[in-house]
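Whole structure, please, built from the sequences with the hints as guidance.
Protein chains: 2
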Amino acid sequence: MAANLPSLPLHNNNNNNGFPASNTDSSLPYSSTIHLDRGDKVALESYWWKMRDKCTVVTKGWEFMSYGSDWSNSACWFMTPELRDAIKRLHALVGNADTDDSHLVVGNGATQLFQAALFALSSSPSLSPHTPINVVAAAPHYSGYPDETDMVRSSLYKWSGDAREYDKNEAYIEIVNYPNNPDGSVRTTPVVNNKYGCEGKLIHDLVFYWPHYTPITHKAKHDLMLFSLSKCTGHSGSRIGWAIVKDKDIARKMTKLIELNSIGVSGESQTRAAKIMEVLCDSYQSLRCDGSKKDSELFFEYSRRLLKERWEKLREVISENGDFILHNKFSQRAYCNFKNESSETYPAFAWFMCKKEEDCGIYMDKKMRVVARSGNRFGSDSKFARIDMLGTAEDEFEEFLDRLSNIKEVN
Amino acid sequence: MAANLPSLPLHNNNNNNGFPASNTDSSLPYSSTIHLDRGDKVALESYWWKMRDKCTVVTKGWEFMSYGSDWSNSACWFMTPELRDAIKRLHALVGNADTDDSHLVVGNGATQLFQAALFALSSSPSLSPHTPINVVAAAPHYSGYPDETDMVRSSLYKWSGDAREYDKNEAYIEIVNYPNNPDGSVRTTPVVNNKYGCEGKLIHDLVFYWPHYTPITHKAKHDLMLFSLSKCTGHSGSRIGWAIVKDKDIARKMTKLIELNSIGVSGESQTRAAKIMEVLCDSYQSLRCDGSKKDSELFFEYSRRLLKERWEKLREVISENGDFILHNKFSQRAYCNFKNESSETYPAFAWFMCKKEEDCGIYMDKKMRVVARSGNRFGSDSKFARIDMLGTAEDEFEEFLDRLSNIKEVN
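Those sequence lines, one after another, are chains A and B.
Numbered according to UniProt numbering, the first sequence spans residues 1 to 411.
Numbered according to UniProt numbering, the second sequence spans residues 1 to 411.
Honestly, the hints are just simulated from the structure, not real lab data.
Incorrect hints may appear among the rest.
As the list claims (entries may be wrong) - Covered stretches of chain B, going by a simulated chain A footprint (3 or more residues, C-beta under 8 Å):
hint, region
1, 50-57
2, 63-72
3, 108-114
4, 266-277
Please read these numbers as outputs of a predicted model, since none were measured by experiment.
Cβ coordinates follow ideal geometry from the N, Cα and C atoms, glycine included.
Structure follows, in structure tokens:
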């Protein structure tokens, strides 16, 4: 998800008395490459900087000496009860997923949980032990799915491409991802239409189903749902993801994979994730109690406004630029149950199509010194490329817009 | 490594104003099961409790927003420079491994790094793409190796059992583990003697090569060495391991596996691990400067004395008990370059052999309500079982000794 990236981004340059560079006005020389391919959400750093005192976590030297966090929890013995409770509280606040009558599994990011889900769903007794189950997703799909599925060439599962083209008389797992990475489309239903009536299982990747990105139109109740701290609050470096799983046996198998893979998940990160979620929920609770909160103090409102502003600026620049088309499939306005008003989608990524050259990524690199993720990594075409909308601090995003505006002059 | 474990151990019962239960005198009813099969090192909690103020780590809300920690480090872009430096300092202090002219890779425990090593070593262009490479270790070997190797039935590598019996005309990876888990033997050289002259690669698992367990007789300089915080300082819940790798391409492949597996390693845990290592090193440095430190303030001396006391008590009890034999293969006394004196081995595990029943684990459970890890999980026989020497607080260990002493009465 973040490979082949040579230089340190500006936002990590914390030489300002502890103040993140995203809050400073550092200038970016044109010779610097702008990395918009990493999937980071460092633009959200500015919110957490404002909240820094409330979110402080202190860890003492004798804490986290055991592999286990809750041996009595047979669904996931390495998950801390505090994180479990915080996740339930967060979903109850937002209304985006039902955690009742389900089991929570924590992982080192949704990435590890995705592999745990493949393992759990492919080790069903009803499946042939000799044929790997086919894993598919509708293109364009997240670039990590094929690589993660085929990483160690498992005999349990294998990547089988675009779900729309799936036509084998074999069992399969379809990944349903909404809002979709890379294009932001909201496709809540699976697309495989298997004429053979084969056994099909579903993984719902809902890491972007949060109110800063999209209206919360329903409370998701799928069998196996994936979420992550990276995409919700932006804390990618903490490596915390969670799965909400209906079937306890599946949850336990996922836990088994994570046990064999890494013997659990950092206790420090779990504690911090719980704290961050609690602070987030507390701010909405105090709004409801005394109504004194401003929008800028509420995480989803702050993040949504930031995204909205960036999207408006990007659309304006693109409308005057003849080289690219924005190819995101934006949903219609929809009523957001969380905001209690109609609202729009502001995807975490812009999905560019290049009109000038076959390879959009190469064109951006050559003309703008911007690194994007090429469309062919998403099961699509290299004329497309994905650009992070939250991957940089404000100054770098502005510089990106400047380069996009001036591309003809560079020509 | 910690599966099938139903109840919360006493040491996690932190209802004593924040004081870990290991420092309290809580009594353990005989009806309680004692878990000595988990591989935890919670006995070391008492040392870190003493050092709690020096090791405190404060994490602010805006930290760790990016996947990357050091994009300029192409060997491992998610490793923090602070952890890298602390690891080098620790090995320089102890003299157990050479980090010069090598590359460090951080992982979610040595467990994830082991899998990263299998991936890196099995994707060599010289190997057949169709035949999984054989993975072997001399029995008795760590119980995790077979399960972790065959977890998702990779086509790149497969578990092939006891290294001493390896006799295939195929490429192989041999794991050399010293001091050996479960029996503490120090076997520094590989044992495969392949008459076909096949390509053989080595992984040196040195997670127990620290001065509390064994004399430091040499500075290890192998091609690929694994270490972990769990076994060194006892912080198992932090999930921090590291590899020292000679070949940069191998290090990068390991990093790639961890990227696809979990997109890196918790920043919170890396920061804390670095802090703990620094405090450990500082205490030795101040000893050298002013000589004022007592042994109880020095981590390895404290931990070694704790282990020595437990081993002496255990040997005494076993000498009067007719049911078991201690089957550890203790090395001869050897000169420890770290302590500058001759010293003994005190393994992290006791390797029991049962004289009364075929299945040692079942016998322990039935007669003593003690859960051990059965010998057959270590490529050995079920008449053996592994017992944690540091897995419990003092009161639980004493209760274990009491049950062992009174086993005849229970009979």
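Starting from the hint list further up, note which numbers the structure goes against and sort them upward.
none
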